[in-house]
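There are 2 protein chains.
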Amino acid sequence: MVKKVVSATEVAKLANVSQSTVSRVFTPGASVSEKTRKKVLEAAEVLNYHPNALARSLITKKTNIIGLAMKDIQNPFYHEVLGIFSKKLREKGYFVLFVYTENEEIQQDEIHHFLEYNVEAIIVTDALLSSKLVEQLRKNDIPVILFNRYEKSLLCNSVSCDNIYAAREIAAYVYKKGYTDIVYITGKINTSTNRDRQKGFTEYLKEKGIDVKIIEGDYTYERAFHVTKQFIEDGHKPEVIFGANDITALGALDALKEKNVRIPKETAVIGFDDIRMSSWPNYALSTWIQPVQEMVDETINILMSSKQRKEPQTIKVKGHFIHRNTTV
Amino acid sequence: MVKKVVSATEVAKLANVSQSTVSRVFTPGASVSEKTRKKVLEAAEVLNYHPNALARSLITKKTNIIGLAMKDIQNPFYHEVLGIFSKKLREKGYFVLFVYTENEEIQQDEIHHFLEYNVEAIIVTDALLSSKLVEQLRKNDIPVILFNRYEKSLLCNSVSCDNIYAAREIAAYVYKKGYTDIVYITGKINTSTNRDRQKGFTEYLKEKGIDVKIIEGDYTYERAFHVTKQFIEDGHKPEVIFGANDITALGALDALKEKNVRIPKETAVIGFDDIRMSSWPNYALSTWIQPVQEMVDETINILMSSKQRKEPQTIKVKGHFIHRNTTV
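These protein sequence lines are chains D and Z, in that order.
Read in my numbering, the first sequence has 127 at position 127, and its numbers run on one by one without any break.
Read in my numbering, the second sequence has 119 at position 119, and its numbers run on one by one without any break.
Hints were generated in silico from the structure; no laboratory data involved.
These stretches of chain Z come out as covered by chain D in the derived footprint (C-beta under 8 Å, 3 or more residues): (1) 94 to 102; (2) 105 to 117; (3) 131 to 144.
Idealized CB from N, CA, C, for every residue including glycine.
Using the sequences plus the hints, can you model the full thing?
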């Protein structure tokens, strides 16, 4: 099947406008009246015309494509993040080129592909990025924004929750309740989110003379379920468990239920994220609300202004604790 | 910042190979020895060379971009689908341009954007597509594949579970257990998945002289929780509830638990999909396993061969029932 290529000139002729008006109608963000826009779109539809964004991008150097690299596709928190990014970027005329990166660290060839498609910026959620790759992107003048994490050693933008602040607030809550037998189930230990939550939580309690028992998790339900079941079977029933994210807390919660531990009376449980299922009545998990909408807005702000700035930006948002049924 | 543009010739010179070899290394699917590939990639890295996929696409007419339009970003089933698509398409050298469509029906301008980016095919999961848009895509020679649904009236490919077969199998199971007080909580009523599951389930039982009580849901946890709580409060405690998808069944399950209904003794619950959390011990939901990997493979097969075929293909896969704790 051979496609008949329709030119902008033909559309302009049918719509009775200039060719530059047709061009403006198909340029994201360009000014054009609603009436003219409608006329041009109708003519375009009649002729089956669609401008070639890729050809245009070679001239304007703007592709309107943002690369998004994500690893933990199983974590509901990141599904929500993807949905919000996709929606908000669309409103600004941008599209998401999505890469699900299976490796712990983003690979050279994944970045190569982003470069090949002339993405205008790269958003990296939970995958790791080597300083060598960041340098390569900097050389190509492509801003990188770490979302929900930061790395001091990397020269790139980041937007995350103030995890130290949040974890200290949670610790203060736990301390006020008078608990002393306290468990923290970690996330992946090499992530900034886990590092800061663990630091904020344990340091606050340490200052009060309380040692927190650290149990290694990996941000999955399955691991948290397993380790919690294990320490209950070993005869340790803590007064409170703080899970490094909601999925971890839900895994712990289900293990406690299976062992007939009364929640929150015998053991209270606290998570972090406020994923949708944490508010389901069966769980009703007390947790820290990460202000995802705000985090996405901040990321897009950086993205829109990054060409004017030299220094990378670090944004931290706060969020707040929500008390549901798993705490007294 | 002005980028220095490095040409393939310079890379060829440094790697001591021909320019066409450099070109082959950067063409997805082209044959080249591992040794040569390594040599070229090293030279490319030294020179900070990356080929322009967009410029190449104007010549080859191949962008290696697949558009993926999805609506129900809150349903874990579709997260899994997105992850698997992204991974398997990558293996074939393709990238996913992701569009989260908020409207019930895919809009003209969303398709416009896909056309602008010269996507090679469009995969549509749960959003609706008008026959007018399908026709427009056909004119542009872009194959459309409906995933997890089909529409007889639309001239496009589809890959879905054989929902009528599956629902009849579930009905046979329910019948064999001797239940007569049976509730089906629907999904969104205008979807092919709900239509077929409802049809297969109710028709089988009708043939056995049993009327199924239909309660309208919408494929969300929240709605299923609400309606189930409602009919329990109204004094109706059915022997079994079949939810149109897992999220629906989990909502029903939690409402039953809140009302202290013993599961599965008083009321059994069955879902459809086998999302990850259905196997969590707290739920252990009996459900129909949709063979997602197989469905994605079939979709990619259609995608790879669609240019050679004129007639759209309809693929139905089977899947199977898994008995967990919510059935006797």
